[in-house]
Every structure is written in C-alpha cells, then in structure tokens.
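Number of protein chains: 2
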Amino acid sequence: MSANKKHIAIVIYPGFTALDALGPYELLKMLPDVEIRFVAHQVGLVTTDRGILTIMATHSFVQTPEPYLILVPGSEANTAKAMADPQLIKWLKHAHAHSVWTTSVCSGSLILAAAGILNGCPATSHWLALSALAKYGAKPQAEERIVRSGKIWTAAGVSAGLDLALSLMGEIAGAEQAEIAQLLLEYDPRPGFDSGHMSKASEAVKSQAIQEMTYRSQHTSIEYN
Amino acid sequence: MSANKKHIAIVIYPGFTALDALGPYELLKMLPDVEIRFVAHQVGLVTTDRGILTIMATHSFVQTPEPYLILVPGSEANTAKAMADPQLIKWLKHAHAHSVWTTSVCSGSLILAAAGILNGCPATSHWLALSALAKYGAKPQAEERIVRSGKIWTAAGVSAGLDLALSLMGEIAGAEQAEIAQLLLEYDPRPGFDSGHMSKASEAVKSQAIQEMTYRSQHTSIEYN
Chain G
70 MSANKKHIAI
80 VIYPGFTALD
90 ALGPYELLKM
100 LPDVEIRFVA
110 HQVGLVTTDR
120 GILTIMATHS
130 FVQTPEPYLI
140 LVPGSEANTA
150 KAMADPQLIK
160 WLKHAHAHSV
170 WTTSVCSGSL
180 ILAAAGILNG
190 CPATSHWLAL
200 SALAKYGAKP
210 QAEERIVRSG
220 KIWTAAGVSA
230 GLDLALSLMG
240 EIAGAEQAEI
250 AQLLLEYDPR
260 PGFDSGHMSK
270 ASEAVKSQAI
280 QEMTYRSQHT
290 SIEYN
Chain S
70 MSANKKHIAI
80 VIYPGFTALD
90 ALGPYELLKM
100 LPDVEIRFVA
110 HQVGLVTTDR
120 GILTIMATHS
130 FVQTPEPYLI
140 LVPGSEANTA
150 KAMADPQLIK
160 WLKHAHAHSV
170 WTTSVCSGSL
180 ILAAAGILNG
190 CPATSHWLAL
200 SALAKYGAKP
210 QAEERIVRSG
220 KIWTAAGVSA
230 GLDLALSLMG
240 EIAGAEQAEI
250 AQLLLEYDPR
260 PGFDSGHMSK
270 ASEAVKSQAI
280 QEMTYRSQHT
290 SIEYN
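Chains G and S supply the protein sequences, listed in that same order.
Counting the first sequence from 1 gives a position; my numbering is that position plus 69.
Counting the second sequence from 1 gives a position; my numbering is that position plus 69.
Rather than coming from a laboratory, the hints here were simulated on the basis of the structure.
Any given hint could be a false lead.
You can't tell identical chains apart in this list, so a pair holds if it fits in one copy or across any two.
To be verified - Simulated pairs of lysine-lysine, BS3-like, Cα-Cα distance not exceeding 25 Å:
#: 1; residue 1: K275; residue 2: K98
#: 2; residue 1: K98; residue 2: K269
#: 3; residue 1: K159; residue 2: K204
#: 4; residue 1: K150; residue 2: K98
#: 5; residue 1: K75; residue 2: K269
#: 6; residue 1: K162; residue 2: K204
#: 7; residue 1: K98; residue 2: K208
#: 8; residue 1: K220; residue 2: K204
#: 9; residue 1: K208; residue 2: K75
#: 10; residue 1: K98; residue 2: K74
#: 11; residue 1: K159; residue 2: K269
#: 12; residue 1: K74; residue 2: K208
#: 13; residue 1: K75; residue 2: K159
This structure is a prediction, so every number in the text was calculated from the model and none was measured.
Looking at chain G on its own, in the form it has when it is part of the complex (with noise of 0.2 Å):
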C-alpha cells in the first residue's frame, strides 16, 4: 500500500469482542485512500472474547504511531486488562496526540478513559458500563448512541459500532459516500426484535442480560501476554 495513505488503526487486544472492531472496519474500508491496520504489541494471532475467533494483527503499535484515525474496540472480560495494559495505555496517549479521530465502540470508550482522553469529556458506553466511564473522568450520554466530542467519538455496545463508522464517513468523505457505503453494506436494518436498547427492553430481559454480562466479564478472561 501507498505511504501517502491514511493510516487507521483498529486497536485489537486479546479478548476483544470481534464485532466491536469488524462491523466498523467493513465500512471503513470503503474510505479512500486509506490503509486500515489490526494494531497490536505485535503482528500475529489475538484471539477474541470467547477464544473461538482469531484474527491476525497486520502491525504492531511500533510500526503505527500516528494513525489518521484511531478505533478501540471492547471486551466482555478483558477491558480492565487493556487499560492497565502500559504498552497499550502509552502509545494511545502518543497516538492520540496527532490523531485527526479518535473513536471507541462499546466499552473500549473505558480504554480511552484510562489513557486520560476521555477527561471531562461527554461520552458514552456499553449500558452496563456507564458508571465505569464516570469514575475515569469522563460524562456519560446513557441516551445517545453515539456521542460526537470534537475529534473524539465514542458508539455505545457492539453494534453501535457500525453506526458510529457510517456517520463517520458521512464527516470524512461526505454524505454520498456514506449512502453509497450503506447501500454495498445493505444497511438497511429490521431486527425483528425490539428490545435493543435498556428503555425498550423487558425487565426479564433486562435482568438476564445483566446477569450473563456479570458472569461473562468474570469468567471468560483471554490469556494476555
């Protein structure tokens, strides 16, 4: 690829949730002039929450410091992890210094937070981690899906991820290009289901999603080297 090219970086970390970081990447893709990068410690294998899907870093936080766009996805067990990673925590600090965007999907927004960006910041989050985001400094929107702060942008949970890339591009490369995105993508959602969002959802769903959520960030912890 080009060394004239926008570099993106999807920060991936063991134990990420795939979602988070590929529903954005397929529309990020479509940018032009881009070069998208899996950024890691090191080019090879991060193997994601469940530890079923792995995917390979392309470069390492070395090779990419000063990326065009930054994107940080979350983790169902691992999010503390990441944010006491210091290898992670110090090239966001550099990285985001000279970004142009700097953006975070679901509880990645908490990584942000621990590299001190989020800082007085509106901000939003996975539901189950709004009040997190409040104790690192940041001022969470629990209504907003994503939330717009000058260069930084953060989605809420997993999905919102690709809502907060297709209104990105809308920023970068216009409106066109965006619809042109969502047209190849076929985005044109119909969940069948209503209940995507805390104000929509039952109280025994709600319950139970807290319950599996609680278990899963206790119990299916990636190995982090």
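Following the hints, position chain S against chain G.
Chain S alone, transformed into the frame defined by chain G:
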C-alpha cells in the same frame, strides 16, 4: 468443548466478506449448548475480501461433516471461485442433507445454489446478485431482507446477516433469548443515513454503488488455494 454441543459451521473461504460471517457469529455465539466452528478446507488462516483482515479456520470440512447449522457468507470477488470449489460443494451437499438449519448471507446464497440446495426455492442475496440467483434455479425475492424456506434461510447483503441471526435465535431458543442477545449487543440500529436499500437510494448513489461493486468483483480477487 463438549461433544454434546451442536456444531454451528460458519464456512470461510479466501476472499469472503468478514461481516457476512462475523455479524451472525456475534449473535449465534450466545446460543446455549452450541460450538461455533469456522470451517474451511483445513485449519489455518483465511484472508478476507480486501486482503487486510485474516481470520483462523478452527476446523476442517472433514472434521465437521454434519453440523446442526450451516452459515455461508458471500464475497466481493470470490463467490464464483467458491461456487466452483469441488470440496466445498461436496461438503455442503452432505452437510445440508443432515443439517437442521442451512443459511447464507449476501452472495453466499449463490454458493448454496451451486450446491443445488436452492432449486425452486425462494431465496435472497445481495441486490447485485439477485439475477444470478435466478440463473442457478432459485426464486429471488428482491423485497425481502430474510427469506425463510423451511430450514433454509437466506439473507440480503452483508449487514442483513445480523437480522438473519437474530430471527434464527428467536426460532431456535425463543423470543426472550433473542431479546437478551439483542440487548447485550445493543442492537438498536440508527444508521444516520437512509440509503441501505435499492428502493431508498438516490440514482447517483445506486449508479456509483453498482460501479464500485462491479469493479471490486473483478479486481480484488484473493488467491484461492
């Protein structure tokens, strides 16, 4: 994983479109008592459509002869190569004869059709592949996002895989389980643009999307071993 678990075989092949497979994966992984397998000729790395993202096949076709559920993703440039892959087609015929569910996303339905699975069967595909689908004996349903024909469910382009998987979860495990998964993924889509279907996009967007897809289908083929 337990031998008693139901196998979900997500077929992967060089040049497949990541979100076609990984959108459904993110939901189907939440089904109880299933083992998700990324199935290919052999265990090992498989590169997706633009040559950037590489994921690991966890099992071979031979290791997974009779899965409970089959999911076949589409591709930008390599659908025809997958349709002409004798090992994949042979596996698909046998697996479908024993499956409880046989499903596809995007141009994955053309691969089902090439295996003779969609003869006379109502089905859908990416909007650009609908006419090809008719040539292979299926009955294209241009207005439907998900087409259910007995145990065979086909989805429209790329992102439609999320809707297919969510509805299928409801069918397999009940509406409440689907709603819990929907809330966990915060799947309450708000795309920000409304150009995700051919009936909604402007003439300029449609014409550029067709041009882009035609180009991609001819120029970004991934090596197929």
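*Which hint numbers doesn't this structure obey?*
Of the numbered hints given earlier, those the structure breaks are 5, 7, 9, 11, 12, listed in rising order.
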